[in-house]
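Chemist: Residues per chain, in single letters:
Number of protein chains: 2
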Amino acid sequence: MNISPLQKARYEYSPKLPGMLRNGIAEICVCEGAETQSVADQDKIKALFPNTYGKKEITFQKGANTSVAKKQIVGVILSGGQAPGGHNVICGLYDALKATNPENELFGFKGGPSGLIDDDYIVFDDAYIDAYRNTGGFDIIGSGRTKLETQEQFAIVADVCKKHGITAIVIIGGDDSNTNAGVLAEYMAANNTGVQVIGCPKTIDGDLKNEDIECSFGFDTATKTYAELIGNIERDANSAKKYWHFIKVMGRSASHVALECALKTQPNICLVSEEVAAKKMSLSAIADYIADSVETRGNNGMNFGVAIIPEGVVEFVPEFSVLIHEINELLAGSKADAFNALPTWADKYAFIEAGLTKESMAVFAILPQSIQQQLFLERDPHGNVQVSLIESEKLFSALVADKLAARKAAGTYKGKFGALHHFFGYEGRCAFPSNFDADYCYSLGYNAFMLIQYGYNGYLSKVSNLSAPANEWVAGGMPITKMMNIERRHGEDKPVIKKALVELDGAPFKYFEAHREEWAKDTCFTFPGAIQYYGPTEVCDITTVTLALEQAK
Amino acid sequence: MNISPLQKARYEYSPKLPGMLRNGIAEICVCEGAETQSVADQDKIKALFPNTYGKKEITFQKGANTSVAKKQIVGVILSGGQAPGGHNVICGLYDALKATNPENELFGFKGGPSGLIDDDYIVFDDAYIDAYRNTGGFDIIGSGRTKLETQEQFAIVADVCKKHGITAIVIIGGDDSNTNAGVLAEYMAANNTGVQVIGCPKTIDGDLKNEDIECSFGFDTATKTYAELIGNIERDANSAKKYWHFIKVMGRSASHVALECALKTQPNICLVSEEVAAKKMSLSAIADYIADSVETRGNNGMNFGVAIIPEGVVEFVPEFSVLIHEINELLAGSKADAFNALPTWADKYAFIEAGLTKESMAVFAILPQSIQQQLFLERDPHGNVQVSLIESEKLFSALVADKLAARKAAGTYKGKFGALHHFFGYEGRCAFPSNFDADYCYSLGYNAFMLIQYGYNGYLSKVSNLSAPANEWVAGGMPITKMMNIERRHGEDKPVIKKALVELDGAPFKYFEAHREEWAKDTCFTFPGAIQYYGPTEVCDITTVTLALEQAK
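Going down the list, the sequences are from chains W and L. So the first sequence is numbered by the numbering used here: it starts at 1 and just counts up by one. So the second sequence is numbered by the numbering used here: it starts at 1001 and just counts up by one.
Chain W extracted, bound-state conformation:
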C-alpha cells in the first residue's frame, strides 16, 4: 500500500477530546440529569419503548470512575453513505475500550448492518486501527445500506452477540440508522439480552440535527471540500468573465449542504429547496429568479456567475413532483413494456403526450430533451423515475437560457449567456476529516464507550457546545427515544427521529436571505481554499458557518 505524505502526517495527529474526558479513564464520572420525554407523540413512543423510554439525559464530568469492571466485547458497524470521520469514531471507541481494560475487544462488522446479520467481522488490533487514524472513507470495515428493522433481524443480531459474548453494539449512521438503533436497543432490553446499543450521528447531508445533535459528523469536511471547489470556480468565473457555472451539490432532500456552501462562498444564486416548497415556486418562477441575476449582471457587463443547486430541489417543485408521480403511473407494470417497444423518441413522445395530464405535459414540454429522456429512460428497479439522477443543474441552465432568449427578444437583456455544469458529491464524502471532524468523531467514539462502560442502552453519543474550542465541548448521552416522533411511512405509523430540513426562520437562512440580493447583483465571491489540517487555528480548526450562526448569542 502506497501511503501519501499527508496520510502519513495525519497518522501523527492527536484528536482533541472534550476537556471533561481528558483526565484519563479513571477520572470520568457520570452526572445524570432529568428524565426525558420524546419531542412529540409521547404516549405512543412510550408504549413502543417500554424499556428504554424516559431515561435520563447524562453528561460526563471529571471525577472518580464508578463504573463496574467487566470485560467488554463491543461490535461496531458503519451504516449508509460515507462521511469523513467515521474511522475516527472507531479509533476513539477502540482507544477508550483498550484504555479501560486491555482485555476488552472491538469487533468490526463488515459491509454495514449486513455484516452483523452475516456474522462477517474482524477483531481490531493496534496495527489495524493505526492504519486508519484521521483518514477519510469507510474502508476500514466498509459500509452498506441494509436496514436493521425487523424482529427476525434483531433475533439474529442477538444470537451473533451471544455467540461472541458481545456486550454492546455501536451503530454509526444517519437518522434511519439511529432510529433503528433505538428500536434494536428496546429489543435487546425487552429480551434481557444484556446487550447495549449506542448510536453515533453521521451524515454529510446535515439533516440529522435537533436540540440534542448540534451537527452530524462529516458535514463540516464535506462542505469544506465542496466550498473549496465552488470558491475555485468562482475565482475562475471572475477571471475569465464569460461563464455562468451551475453547480449541483449533494445533500438529499435538505439544503443544508447548499446553504453552508453559499455562506462560505457567497455565490450569486443559491436555491434552497425548503423555500421553493414553502413558496410553492414553479420551475418557471425559479428560472425567472435566476435569470434576473443573469440579466442584471449581464447588463452591467458581468456575463458570468455561480449558482448553487441543492440535489433535491426538483422534488420540492409542486408541479414537477406531480409530473414525476404521473410518469411513475404511466409506466407502472406492463405499461413500461409497451413504452419501451416504441421504436423512436418521437413515438415515445406521442405516447407521453397522450398519457400525461395537460398540466403535466405543459411542464414536460419545457424541459430540455436530455432531461425528458432521462425521466423516461433511466428508471429504478421498481420502474420509478430516479429523481437523484436528474441533472437539475442542466435543467435550470436550459430553462434560464429560454428565459434570457425571451428577454433578449423583448430588449431588456443585453448580455451573453454561456453555462457550464458541475455536480459535487462523491468528491467530499471520503476526504480526510477536517480537524473538527477528526476531533468530534474521535470524541463521539470515546464517549460512546464511556456510555457502554456505565451501562447505558438506547443512547446516542452526544458531544455538544461544538462552536467552542474542543476543550469546552460537553460529552454525554441522550436517550434516542427523546428525539423521536411518529411519522407516517409507507402507510404505517412509525417512531422515527425527525429529519431536519433547513428552517426558514433559522439564523443560517436568515443571514443568507439578508445578503442574497447583494450577492445576486454584485460579485461578492469568497474563496475558502482547500481544507487545511495545519496552520493558524482560524484556518484549520473552525467548523461551519451554519453552526456559528445557530450558536451565536
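All clues stand as given, with none of them false.
Quick list of in silico lysine-lysine cross-link-like pairs, PhoX-like style, CA-CA up to 25 Å:
(1) W:K394 x L:K1394
(2) L:K1416 x W:K147
(3) W:K416 x L:K1147
None of these hints come from the bench; they were simulated from the model.
Fit chain L to the known structure of chain W by using the hints.
Modeler: For chain L alone, coordinates are given in the frame of chain W:
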C-alpha cells in the same frame, strides 16, 4: 469584499526565491553563457529573427549589480486560461521593480492581450498588489484569448508603449503566447523601439516543457487539486464497493495532467492519449482494455474502480478523428441548414447514415445516443464539432458497458457494473497556488524584472533545478528563439515553440507502464488529500511526481 481565513493567512506567506536572488537587488549580477541555436530549423528561425536570434543563455549569481540605472515602466499581461500562481508572477515582478527603484512603475493591461491593444490598464500600487499575494485566479487584471500576432497589432502595442514610456512588456502565457512574445520582441528590436519583451511559462496543461522549461507554472497546483478529488473518489469507491468512476481531467491534447494524477493516486486505469495515438488504438480496443480491468476485478469480487480519461483522448483515436472530419464536411456551409431543418432525430440519423462513409458510420453507430447527438447538435461558430465538449467519460463507460454485456453473455464476466462520471478542470485552474507554485511564480516574476533591468529582450524567464529546494533553484533567462522550430499551421510555415506531449520513453510514462497492470487488477489507490500550505515540508513543499521522475538521476 469578504476575505476567507485562508486568504488572509496566505497574504502573510513569503514566497521563497532561488538562493542566488536572495541577497537583495544590489547583489545580483549576470553570468552570460554560450550563444544559442534554435532546437531545429536553425536557418529559417535565424532568418525570421535577425535581431533576437542566437543570443546567449544567461544565469544570475550573487555579485555586484552592474545594470544601468534608468527608470523602468513595465507592462504586464495575462494571456489564455487561468493557472494558479499568475498573481504571484505579477507580485514578484512588482517587488523587484520597486526594490530596484521606487520610481519604477508597473502597468497591468486588462483582460489579456486585448488590454494592450485597447490601452486598458491600471497602474499597480502596494495596496492593490497586497490584495492578490499568494492567491489563485487571474482576476487581478483578468485574462483573454486574443492573440498578439499581426504586424498591425505590434504597431499598436509599440504606440501604446511609447505613449506611456513603457520600457518592457512581460507576457505571462502558454506556448502560443510565448511564441508571440518572441515575435513581438523581434518587432520591437527591428523597429528600434527600445521596448523589451519577456515571457513567463504558464499552463496547467503541462505541455509547455522542454530542455529549458522544466515545468510550466500552475501544473503543480492544478494536478494537486484534481488528485485530491480523484483520491477522495477512490476512497469512496473502495468504501462503497459498488461503482466504477470515469473521471475526465483537463489538459487539452497532452496527457500530462492525467498521467500526473495517476502517478499520485494509482487508479485502476489511466488512458494516455499519446499511447493511443502511437498504438493506433480504436475505440473498441480502448473499451476492451478498460473492460479487462473491470472483468478481472469483478470476477474477484471488486465491482468498483477508477478510470482517468485525458480530455483530448478521442482526438487521438484514428477512426474517431476521421469521423469528426467527415461530420465537419457533412455539415459544412449550407448543408447544416438542411440538416437542422429535419424534424426528428430519426430523420437526422438517416441523413447522417447517408452522408458518412461506411467505416465512419460503423464508428458512429456504436456511440451512445447522447454522444451522437452532441456531435451533431453542439457545434462551434464555424460549424465544427466541439471536440472538447464531448463527454468522453460517458462515451467510454457506455462502450465498456457494451463490452461487459457481451462478456457476461459469453460467460466470462460475472460481476456487476455501475458507472458514475466526473469532469475536473475549472476546479483547479484558480486554486490558491501551492507553496511550490507560489514560490516558482514569484521567482519567475522577480527574475523577469532582473532580465529587464539587465536589458535582455526576447527572453523567457527561466527558473530551473525545480525538484531541489528553492534555495538551490537556478534563475536566469533563455532566448525564446532557442525553443522554436518551424511547424505547418493553417497551411503556413510558422516559427513556434514546440508543444510537449507525453513522451512514451520518458521516466513518468515508464514508471506508470511498469505499475499499471498491478493497479488495474488490485486496489492500489493512494489518497493525496487536499493541498496543504502549512505543515511538514514533505506534505506542503514537494512538487510533482512527474518532475521527480524526470529529474531522478
